[in-house]
Structure formats: structure tokens, C-alpha cells
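Chemist: Below are the chains, spelled out letter by letter.
Number of protein chains: 2
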Amino acid sequence: MPDAPARSEPPYRARLDAVRDTLAGLGVDALIVTHPPNLRYLGGFDGSLGALLVTSSECSLIVDGRYITIAKERAAASEGLRHLRVELAPRSIEEGIASEWARTKAAAVGVEGAVMTLDRFTRLQSLIPARFVTTERVVEAARMIKDHGEIEVMRQAARMLSAAALEALAAVRPGRSETEVALEVELALRRAGFSKPAFDTIVASGPHSALPHARPGTRVLTAGDGVVLDFGGVYDGYCVDLTRTVQLGPASGSFRRIFDAVREAHAAAIAVVRPGIAASAVDTAARDTLAARGLAEAFVHGTGHGLGLEVHEEPRVTRPGTARDEILRPGMIFTVEPGAYLPGVGGVRIEDDVLVTASGCEVLTSVPIDLEGDGAASGRHRGLGEEPAGD
Amino acid sequence: MPDAPARSEPPYRARLDAVRDTLAGLGVDALIVTHPPNLRYLGGFDGSLGALLVTSSECSLIVDGRYITIAKERAAASEGLRHLRVELAPRSIEEGIASEWARTKAAAVGVEGAVMTLDRFTRLQSLIPARFVTTERVVEAARMIKDHGEIEVMRQAARMLSAAALEALAAVRPGRSETEVALEVELALRRAGFSKPAFDTIVASGPHSALPHARPGTRVLTAGDGVVLDFGGVYDGYCVDLTRTVQLGPASGSFRRIFDAVREAHAAAIAVVRPGIAASAVDTAARDTLAARGLAEAFVHGTGHGLGLEVHEEPRVTRPGTARDEILRPGMIFTVEPGAYLPGVGGVRIEDDVLVTASGCEVLTSVPIDLEGDGAASGRHRGLGEEPAGD
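Read top to bottom, the protein sequences are chains E and P.
Position one of the first sequence corresponds to residue 0 (numbering that gives the first Met the number 0), numbered consecutively onward.
Position one of the second sequence corresponds to residue 0 (numbering that gives the first Met the number 0), numbered consecutively onward.
Bound-form chain E, shown alone:
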């Protein structure tokens, strides 16, 4: 397993300052953070349960007995976390938050609307006599722009994923079941150095390929099948994600037409990525390409999603009006994954991960886009740019 790239400590103070600026703009005196990726981002805490209370001058991490020792050790060992108060919640996280709040007496307390549940909110309201404000994506907005260290980790993760993809594609052979191929994919992820899959691996063969989120099953791969492989890994906490569609044996004309259309849509979407355009413009580039091939109805999902501490985060790359439409900025990392699905015929999806740069984009993943499945094994790779003209 490769070592994590040497990198400096995450800029916790700068992250916290960004959040504090947002809170000040909202007139919020304290923010309760409970979303685990946000706890890691701001407080270096990667347990499953905990809370941060962030005010203009302080930041408290509240954890239970399972995590108190490790949380204190980490904070003590990190220059950027020296400011953190680490507190034990003896009965419940909510009571621990209330104790910390009592020290601050913040008048307006923000909660994370996207993750705060009604039950937890009711408990907090009963414990804390403050004015509550539902906030939107305060920490998520900061997380959307990756810092230097995050970009380095995700570049490395994308290289590892590309290597794993070559191994995984070589495992796509007639006679193997979808489940067996999925296991090979996950072994390849581990060998490449990922701590775990980023989501349940998708291996969808033959008619199953027409189901965008099929689960691998007992179906055995057969000559003539199209096979969609969609998989990702978590490396040092960060997620990357890749899809390729391959064909076992010669493709039918109809399947080849779908494949070519999706490949064009994928290239068209990547071609427009640059700072200053709306995320939805990337979706439009893919969608228009598919529509021109008569596949508008067959593209049943968005073109992409942000990647980072979560495998689905902002920005959302989809049709205008279906999600918050971000203006692309350097440091954003997201997937480009158009697809087309025709029940009875089959489905195709092609996905890469891209980083928005100052002038355009950098495609972080690098795996040949090739319809014939044994390409990876036999070395007959053709990269995107190497397709015969007019193919």
C-alpha cells in the first residue's frame, strides 16, 4: 500500500475562519455542526458521532466516551487544533452541546438544515434557550473548494483508482458472475491502497446494464453482454469514483450507437468545464449531445456530483432547477458521468473525475474508454484522443 503523500497539516484555522465569516454574515452567533464529514473537515475528528459548537472566538468538540481519548490526543498533537476544546458528553451529545452553549450564551444558534433531524432539533430546543436558525451548507460551501493538500490527496487517489480500474476491467470475462467481478473490483481497490470502497460497487451485465443503480447479482457474464462497472475508493478520507462500460465480444449496432453517443456526451461535458460557467452548463453539454442522438429520455440522471470527504457532495452537475446551480471555481472536483439506458437493450455510462483549474479542467482519472472488454487484458487500449477519426 502506498504511503499517503507527505502533506502539511490541513489548514484548520483557515477553514474555521471561513465558516466564522459566513456565520457573521448570517447574524448567527454559534453553529452546531454534527455532520461527520464536517466534523472531520473543521475538527479533524473522524468518529461516527460527535458535535462541534463554533462561535466567533471558540470551538468545542463534544464526543462520547468511545472517542474522548483519541479526540484529545489528536487535538494535542496538531498545531491547527490547539484551539479546540475537547469535551466529554457524559449522557448524550445534545446535553454536551447544551453544556458548551451555556458557557457562551450565544443568542442566535445555527443548525445544519441538511442533516439536522426533527428529533435532535426538538431535543436541542428543549435544552438550549436560544433562537435557532436553520443554516444551509455553511461548511459544505467551504468544502466545495479543495485546498492544496486535498487536491494532492485526490490526485493520488485518482491515479490509484485508474490503476485499480485496469485490474478490474481485466476481470470482466464470460463465465464470471457479477458478484465475483464485484469482489475482484474491491480486491483491486484494496491492492491499490484504498481503505475501503466509496460505495457499493456496481457490476451490471446484459439487461441489468439498463438499470443505472443495479446491484451485482448471481447473473453470469456471457459473450455479447455489455457490462457497466461503477466503483470508487476512499483514500485518506477522500472519495474518487469511476465508471467504464465494456462489451464482451462484438457489440451489436444498437449498443455501439448508444456507447458512441455517451462517449461523445462525456467528452462534450468535459470540454466545457472551466471557471465561471454554471455547473448546469456541463450537464447541458452532455444532455444536448445525447438528445441529438435521440437519447434525451434515456439519460435518467444528472451528469455529475462533487467529490471529497463524501462521495456525493456539492457541486451538483445537473439540469437547472433540480439542485443548487453553482458557478464553477478553481478547486472544485466533481464527476462527469453521462449515461443512456434503454430497457431491453442495455445501458452505458462513462465517468471520470475532474478538477476545475484556473483556465479549464484537469481530468484526474485516466483509463482508456474502450467498448471491448478484453482490451485491458490484451493491451489493446485506445485512449479517448486515440479513437480513429469518425469512429
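A portion of the hints provided could be inaccurate.
[What the hints assert, rightly or not] Partial selection, computed: residues in chain P whose CB lies under 8 Å from chain E: (1) Ile69; (2) Ala113; (3) Leu182.
Hints were generated in silico from the structure; no laboratory data involved.
Every value quoted in this text rests on a predicted model; they were computed, and no experiment measured them.
Where a beta carbon is used, it is the ideal one built from N, C-alpha and C, also for glycine.
Based on the hints, put chain P in the right spot on chain E.
Modeler: Quick look at chain P alone, frame taken from chain E:
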């Protein structure tokens, strides 16, 4: 990989009837269900995003374009799901829920307080002019009592986990890193037939064993280390969970004393499990045993948690007052996992999965409880009941 045990289709109608009875008692005309395990339990749907709208006479499943084909196919193929209306949400799940609600005009609409977020609740309130009622654990209460088919699947899963545990324990050897051992554990889980780990595998060696939720790291196992292995698998959607603590080489007297105390607490807790007692009584049995050995402060978590479609579900087996305290009933399945953690010395946790039966309990997992780590490899196993008297 073993085949799933032959079992009849889940009793979807009976499950829905149980939920409808609860709703009627609450004066709620319709329930919006969005928690994924509840969608699977009631609607056979195992995607990541969707909703059910349950009324006294109907049940609608609302999904997006990624899942519509598979959801319709499954419902059509299942006798128990013939009643299900499967509807496409063209823009958002919330709008899909609102469309279905408009057909029913239910006056009082329940939402799941434990999982409904403030943002989603606000969107639903803006779309649906009904009276909203926050409900508690309506579906979870039904899920807590496993039916015959669920018990068969979880018995099989526990047997598979026990087999994987023997392999995993054999991998605990000096010179291997925690991460390497964790990979061996996860490979053993896959070989045993699990579709994936139920949670991030814990391998905590030496001083790390004093951290109940340590992440595996680069630390290399050394003679003299105590090592906590805590891992679980998902089989046919259901989760099982097991922990063993082993020692590489002769144990120090202080570590042996902690181990013996936790082993006694584990046995004492299992000994009291039977229908009619409070879940907290199981915790008390473990906690009193540890307190008598001077380890009250060292037991920093609850004794156990329910298992099923989620790896942490009801009943919670913990101190009175810290969670809803269920009266045990036949068909409940939960972990018994006392532990003791002394920073600087080390930690011990021992965990098995138990089923409450009509007269007591059945321990579903079966792995020797042995302090010496190479026992699994050398065949020097001693089961709990085989310990020398007075050991």
C-alpha cells in the same frame, strides 16, 4: 459463496398492517417513509434514495429515474408487493411525495422524526397543505421483532461470521500492521459470503486497544500486544457483528485481570437475557460485574445494540435513562459487548450476537473466547464453557 438460504418472501403485507395499526392509534392518516432500511423493510426497495407514502388503504413507492425500472420489476415479481404503486418522481422525491399525497388528501401526515431533516421537512411543508405529525420509530418498532425469515438469514450470517472470525484471528501475528490485519479480516468476510463489511473494521493493537473505536493504522503488531478485533458483515441486507480480544504472547497480570473481568461481564449479561426483562437489565448485569472488579469507569459505552437491516438499531442495551429502554421480546436480536479501557494499559472488548427466544436466548455467534492470539491457528481453542474452573 454459500447460496442465500431458501426462504419465503418477506411478509410485506403483515409488516404494512403492523405499521397501519400504529398509525391508526396515533391518529395519523398517512406516513412518509424515507429511511432506506425502512424502505427495504416495507417496500422491498434497496436503493439509496426514495420514499413511501403509506395510508390506510394504499402504499406508493416514489423513486427517481435511476431506480424506476428495477423498482417496477421487483414489485411486479413479488406477490407481497402487488399492492405497491411505483411512481417516478420527475424532479425531486419531495415533489413525487406531494403528487401522491394529492391523490389521498390525507389530513394528518406523519414523518419520521429520527431521520427527517429540517430542510426536507420545510420543502414538504411548502408542497403539502396537511397537518404534519412527527412520529417516533413507527417502522423501527416493527423491525425490532425479527420474523422467521429474518431470523434464518441472521442465524446463517452469524455462522458465516464465526467462520470468518477463526480465519481473522489466525491473521493476528507479530510483524503485521493493523491495516494489513484489517484487510485480512475483510477478505475473510468476503470469502465467508458477506457482500460487504457492516462497518469499518477495527483492529486496535497495544495502546490503541484502549480506544474503543480506533481506526486501523500503520502500527505493527508486536509480541506482548493485546489486540481488539471488531468486525461485521452484511448478508442479504442483514448485519452481524463480533469482537474478540487476543494477546500476542503471555499476557501481563494487569491485562489478564481486565480480560477476565470483561469475559465475566459478557457471560453475566448473556445469562440474564430473556423475554420480559428490560434491555437495561442486561447492561446492568455487565456493568455491575465490571464495577465489582473496579472497572466501572473503564466501561465507557453501552453493553449492546440491536442488529438487523442496520448495524445499530433498536433495542439499545445501555444504562437506564440514556436510550429508550425496551422490554425484551422473542425475536429481538442484539449484541452483547462489554469492554474495559485503561489508557496506557490497554483495552478489552468481547462481543457476541444473541436472539431472544421464548425462554431465554440463543447465542448466534460461536467463536472461542481465548486471550492468546495464536489459538485460532494452533487449534488450542477453549470455549467459554470449557475454561478451567476458577480461571
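Chemist: Does Ile69/P hold up as a contact with chain E if the rule is Cβ-Cβ below 8 Å?
Modeler: holds, 5 Å
Chemist: If you take the shortest Cβ to Cβ gap from Leu182/P to chain E, is it below 8 Å?
Modeler: holds, 6 Å
Chemist: Does the nearest C-beta of chain E fall within a distance shorter than 8 Å of the C-beta of Ala113/P?
Modeler: Interface hint status for Ala113/P: holds (5 Å vs cutoff 8 Å).
Against the hints set out earlier in the document, no violation occurs for any number.
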